[in-house]
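Chains as they are written, first to last, in the working numbering: chain A, 288 to 549; chain B, 288 to 549.
I should point out that these hints are in silico values taken from the structure, not numbers from a laboratory. Be careful, since some hints might not be right.
One copy or two, it doesn't matter: identical chains are merged, so the pair holds either way.
Said to hold, decoys possible - With a straight-line cut-off of 27 Å between C-alpha atoms, the simulated DSS-like cross-links for lysine-lysine are:
1. 518 to 387
2. 333 to 427
3. 524 to 427
4. 327 to 349
5. 333 to 349
6. 518 to 333
7. 349 to 427
Protein chains: 2
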Amino acid sequence: MALANIRIVMVETSHPGNIGAAARAMMNMGLSDLCLVRPKDFPSAKATARASGACGILRAAKVCDDITQAIADCQIVVGASARDRSVAWPALSPRALAEKFRPQIETQRIAVVFGREHSGLSNDELDLCQYLLRIPCNPKFSSLNVGAAVQVVAYEFYQAAMAQHDATGTAPPASDGWPANLAPGDAVPAGAAEIESFFSHLQQALFDIGFFHATKSGPSLMRRLRRLFHKARLEQKEIHMLRGILSQMQIRLELQHRREAE
Amino acid sequence: MALANIRIVMVETSHPGNIGAAARAMMNMGLSDLCLVRPKDFPSAKATARASGACGILRAAKVCDDITQAIADCQIVVGASARDRSVAWPALSPRALAEKFRPQIETQRIAVVFGREHSGLSNDELDLCQYLLRIPCNPKFSSLNVGAAVQVVAYEFYQAAMAQHDATGTAPPASDGWPANLAPGDAVPAGAAEIESFFSHLQQALFDIGFFHATKSGPSLMRRLRRLFHKARLEQKEIHMLRGILSQMQIRLELQHRREAE
Numbered sequence: 288m289a290l291a292n293i294r295i296v297m298v299e300t301s302h303p304g305n306i307g308a309a310a311r312a313m314m315n316m317g318l319s320d321l322c323l324v325r326p327k328d329f330p331s332a333k334a335t336a337r338a339s340g341a342c343g344i345l346r347a348a349k350v351c352d353d354i355t356q357a358i359a360d361c362q363i364v365v366g367a368s369a370r371d372r373s374v375a376w377p378a379l380s381p382r383a384l385a386e387k388f389r390p391q392i393e394t395q396r397i398a399v400v401f402g403r404e405h406s407g408l409s410n411d412e413l414d415l416c417q418y419l420l421r422i423p424c425n426p427k428f429s430s431l432n433v434g435a436a437v438q439v440v441a442y443e444f445y446q447a448a449m450a451q452h453d454a455t456g457t458a459p460p461a462s463d464g465w466p467a468n469l470a471p472g473d474a475v476p477a478g479a480a481e482i483e484s485f486f487s488h489l490q491q492a493l494f495d496i497g498f499f500h501a502t503k504s505g506p507s508l509m510r511r512l513r514r515l516f517h518k519a520r521l522e523q524k525e526i527h528m529l530r531g532i533l534s535q536m537q538i539r540l541e542l543q544h545r546r547e548a549e
Numbered sequence: 288m289a290l291a292n293i294r295i296v297m298v299e300t301s302h303p304g305n306i307g308a309a310a311r312a313m314m315n316m317g318l319s320d321l322c323l324v325r326p327k328d329f330p331s332a333k334a335t336a337r338a339s340g341a342c343g344i345l346r347a348a349k350v351c352d353d354i355t356q357a358i359a360d361c362q363i364v365v366g367a368s369a370r371d372r373s374v375a376w377p378a379l380s381p382r383a384l385a386e387k388f389r390p391q392i393e394t395q396r397i398a399v400v401f402g403r404e405h406s407g408l409s410n411d412e413l414d415l416c417q418y419l420l421r422i423p424c425n426p427k428f429s430s431l432n433v434g435a436a437v438q439v440v441a442y443e444f445y446q447a448a449m450a451q452h453d454a455t456g457t458a459p460p461a462s463d464g465w466p467a468n469l470a471p472g473d474a475v476p477a478g479a480a481e482i483e484s485f486f487s488h489l490q491q492a493l494f495d496i497g498f499f500h501a502t503k504s505g506p507s508l509m510r511r512l513r514r515l516f517h518k519a520r521l522e523q524k525e526i527h528m529l530r531g532i533l534s535q536m537q538i539r540l541e542l543q544h545r546r547e548a549e
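Kindly produce the complete structure, drawing on both the sequences and the hints.
Quick look at the structure:
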């Protein structure tokens with residue numbers, strides 16, 4: 288299991304100590320790729336102190352202005368969420384997450400995104416994620432410290448990697464029946480940036496045909512469409528096909544507009 | 288599983304923040320029994336701050352002069368150790384620990400003992416333990432923060448308790464992360480007939496916008512679209528939404544056709 292392909296993304300972390308704790312937890316569990324989106328206070332002596340011997344991870348950490356930058360080259364994006372959300376997004380426990388994506392992580396990059404200390408991730412940020420990560424815990428006190436949450440997730444990835452290492456057989460199949468390992472060039476999973484471009488295109492096309500006017504529910508409609516296409520775990524070729532359809536529809540409308548104008 | 292029968296014992300903890308972090312981790316995972324042996328600085332505002340909402344555990348924590356007092360009423364005693372010991376003590380991972388003692392903990396009390404930040408437990412202290420606890424981790428950086436170690440152990444006990452609960456209860460978790468049991472009217476999977484009607488509608492709409500002419504690959508295109516939407520395991524509401532979009536597109540084209548004809 289390629290632990291190097293696991294990226295921990297921390298969004299607007301307030302306390303630099305939590306960044307240090309996350310770095311230490313990552314290094315304890317063989318992870319190395321840390322990305323910080325608009326950290327409040329970084330670099331910071333407090334982060335370095337809490338990182339203990341894991342300063343290398345802090346030094347190598349990427350700092351981004353935007354979450355979309357942080358996940359752009361990741362095929363799998365998972366967002367940590369302690370709260371129940373109105374939209375039924377698929378939720379995985381850390382153990383299920385590590386088990387499910389064990390085969391994929393050999394060749395794909397996964398981002399696990401952690402939100403702010405007090406408010407977590409926004410709905411817009413969770414929209415970028417294909418799965419929610421829910422750490423099973425006491426329902427009466429369900430908010431883990433963000434560094435502790437990173438510890439639990441990193442721990443589960445390391446356990447899964449060890450289990451795979453110990454096993455002598457071949458890679459287990461994906462749990463949902465879809466082929467886990469696909470031949471290169473055959474079915475390449477789309478990256479987060481490609482998927483976001485598709486959603487922008489889709490939104491524009493729906494606007495062009497007047498669908499947002501017809502439904503008066505643009506944001507929640509887009510959220511439901513995002514959920515639908517995230518479920519399908521789009522491949523690059525599928526994105527091309529879908530965008531081809533959208534373009535053709537737009538061309539047809541445009542042609543008719545022009546004919547009308549003539 | 289009686290999580291109340293699990294005692295976390297912290298020996299000569301230097302940093303009160305780690306005591307607070309441990310209390311929070313415990314409460315997150317349904318544990319409540321904390322015992323501190325000669326803490327360097329306790330009670331402490333730093334401990335309270337890091338405990339977040341788990342101050343109740345700090346207030347109820349017992350403070351002892353000696354580790355033997357702390358474990359006196361426990362039937363099972365396990366000592367955390369990152370280092371290899373010269374004596375070959377039986378070592379358990381947190382997961383194996385939680386699994387192994389799940390039946391006993393219904394009626395017996397277990398102490399999990401964590402040592403000093405820099406030097407762990409002494410050999411004399413480990414002699415009091417029936418088992419070593421070893422958290423599997425990066426051999427090149429194997430020293431977890433003590434609060435993080437408590438988090439991992441408490442997490443494993445909680446997972447074991449939940450697994451037991453599920454075994455006796457009803458709803459099994461969905462294998463692929465998608466909710467298995469959904470409230471009626473919330474997310475009802477579409478039936479095959481509905482899905483086929485959607486594909487017919489999609490095919491007609493693609494014909495209407497001239498996409499089949501543009502690509503000259505109708506059958507294989509439809510196959511790829513079928514595959515894509517099957518992956519998403521469409522729900523009834525999603526079918527309605529998608530067909531709403533197709534209808535709106537057709538209406539818009541039709542309107543323009545009519546305007547052209549006038």
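Structure-based check of each hint:
1. With identical chains, the CA atoms of residue 518 and residue 387 are at most 27 Å apart both within one copy (14 Å) and between copies (16 Å).
2. Only between protomers do residue 333 and residue 427 lie at most 27 Å apart by alpha-carbon distance; the minimum there is 23 Å, versus 30 Å within a single protomer.
3. Taking CA atoms no more than 27 Å apart as the test, residue 524 paired with residue 427 passes in neither setting, with 45 Å inside one copy and 33 Å between copies.
4. Within a single copy, residue 327 and residue 349 get their C-alpha atoms as close as 14 Å, which meets the 27 Å cut-off; across copies the closest is 37 Å, which misses it.
5. In the homo-oligomer, the alpha carbons of residue 333 and residue 349 lie at most 27 Å apart inside one protomer (18 Å), although the nearest pairing across protomers, at 30 Å, exceeds that limit.
6. When the C-alpha separation of residue 518 and residue 333 is checked against a cutoff of 27 Å, the pair qualifies neither within a copy, at 40 Å, nor between copies, at 44 Å.
7. Taking CA atoms no more than 27 Å apart as the test, residue 349 paired with residue 427 passes between copies only; the shortest distance there is 23 Å, against 35 Å inside one copy.
This entry does not satisfy hints 3, 6, going by the numbered hints stated previously.
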